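Numbering (our numbering), first residue to last: 1 to 201.
Treat the hints as calculated values from the structure; they're not laboratory data.
Don't take each hint at face value.
As the list claims (entries may be wrong) - Quick list of in silico lysine to aspartate or glutamate cross-link-like pairs, EDC-like style, CA-CA up to 16 angstroms:
#  : residue 1 : residue 2
1  : K104      : E190
2  : K47       : E90
3  : K104      : D184
4  : K74       : D184
5  : K74       : E190
6  : K49       : E110
7  : K187      : D78
8  : K49       : D37
9  : K92       : E54
10 : K104      : D78
11 : K92       : E42
12 : K49       : E90
13 : K104      : E90
14 : K104      : E54
15 : K104      : D44
16 : K57       : D37
17 : K92       : E41
Nothing here was measured: the structure is a model prediction, and the numbers come from that model.
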Amino acid sequence: MGWVVNAVGVAVVGMVAVNLNFWLPKHIPAQLAHIADAALEELDGNKKKLQAQELWKNHGAVIMAEALGLSSLKPQLDRAGVPLYAVVHERKGVPEFQPYFQGKVFLDLERRFYGPHERWMSLAGLLRVNFWLNIRRVMEKKVEGNYEGEGRLLGGVFVVGSGNQGILMQHAEQEFGHHANLTDIMKAVEKIQHINSKNKI
1 MGWVVNAVGV AVVGMVAVNL NFWLPKHIPA QLAHIADAAL EELDGNKKKL QAQELWKNHG
61 AVIMAEALGL SSLKPQLDRA GVPLYAVVHE RKGVPEFQPY FQGKVFLDLE RRFYGPHERW
121 MSLAGLLRVN FWLNIRRVME KKVEGNYEGE GRLLGGVFVV GSGNQGILMQ HAEQEFGHHA
181 NLTDIMKAVE KIQHINSKNK I
């Protein structure tokens, strides 16, 4: 009987340990220079290639390298004249993803938007309570996917000002479903200085 108590104790300690934030991957903020010359490919069939800085050159941009929550901001971003883009690290799953996203989707050929040091969710992350709560939220929204590809690479959100204004706000996913604060995103969007040009990607 004693071994059962010990086993339960070890299991409880293990579950508590994996749910401590100590184990979450550390984030090193990206600098504008790191993402500006990232090679991107538009995933709309024409495979147009461009440097990332073209996305925000005149109007700034909100760029997501994470889940779908930002699409709810599209009407506000349109009123502000700021485009919304998604940058993904692989082609798998994009056809399933696109119907839920209200913007253009680009493939980050060098995974610059996932650095400067890539952050991966560990296998222990699958035992975290937040992971399963976030899975449940996605299922409740009836977001479909093919569950193929590498889903452990963590992304984030960038609000980038026009020209050389720089990165105005940056959010890094700490685990699956750790979304950026939408209010913080819009506060950063308000700081974007538009350059007189009607050209958008």
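Cross-check of the supplied hints:
The hinted pair formed by K104 and E190 fails the criterion: a straight-line CA distance of about 21 angstroms is larger than 16 angstroms. With a C-alpha separation of about 14 angstroms, the suggested pairing of K47 with E90 holds against the 16 angstroms cut-off. Our distance criterion of 16 angstroms between C-alpha atoms is broken by K104 and D184, whose separation comes to about 22 angstroms. For the suggested pair K74 and D184, the alpha carbons sit about 15 angstroms apart, so the restraint of at most 16 angstroms is met.
Between K74 and E190 the CA atoms are separated by roughly 14 angstroms; this keeps the pair inside 16 angstroms, and the hint holds. Of the supplied pair hints, the one linking K49 and E110 holds, its CA atoms being roughly 13 angstroms apart against a limit of 16 angstroms. Annotation: proposed proximity of K187 to D78 holds, straight-line Cα distance about 15 angstroms (limit 16 angstroms). For the proposed pair K49 and D37, the alpha carbon gap of about 12 angstroms is at most 16 angstroms, so the pair holds.
Restraint check for K92 and E54: not satisfied, since their Cα atoms lie roughly 25 angstroms apart, outside the 16 angstroms limit. The straight-line distance between the Cα atoms of K104 and D78 is roughly 14 angstroms, inside the 16 angstroms bound, and the hint therefore holds. Only pairs whose Cα atoms come within 16 angstroms are accepted, and K92 paired with E42 is accepted, the gap being roughly 14 angstroms. Simply put, K49 and E90 have alpha-carbon atoms about 15 angstroms apart, close enough for the 16 angstroms limit, and the pair holds.
As the CA atoms of K104 and E90 are separated by approximately 15 angstroms, the hinted pair is consistent with the 16 angstroms bound. Distance restraint check for K104 and E54: the Cα-Cα separation of roughly 13 angstroms lies within the 16 angstroms cut-off, and the hinted pair is therefore satisfied. Our distance criterion of 16 angstroms between C-alpha atoms is met by K104 and D44, whose separation comes to about 8 angstroms. With a C-alpha separation of about 12 angstroms, the suggested pair K57 and D37 falls inside the 16 angstroms cut-off, and the hint holds.
For the hint linking K92 to E41, the alpha-carbon distance of about 14 angstroms falls within 16 angstroms, and the restraint holds.
The structure shown violates the earlier hints numbered 1, 3 and 9.
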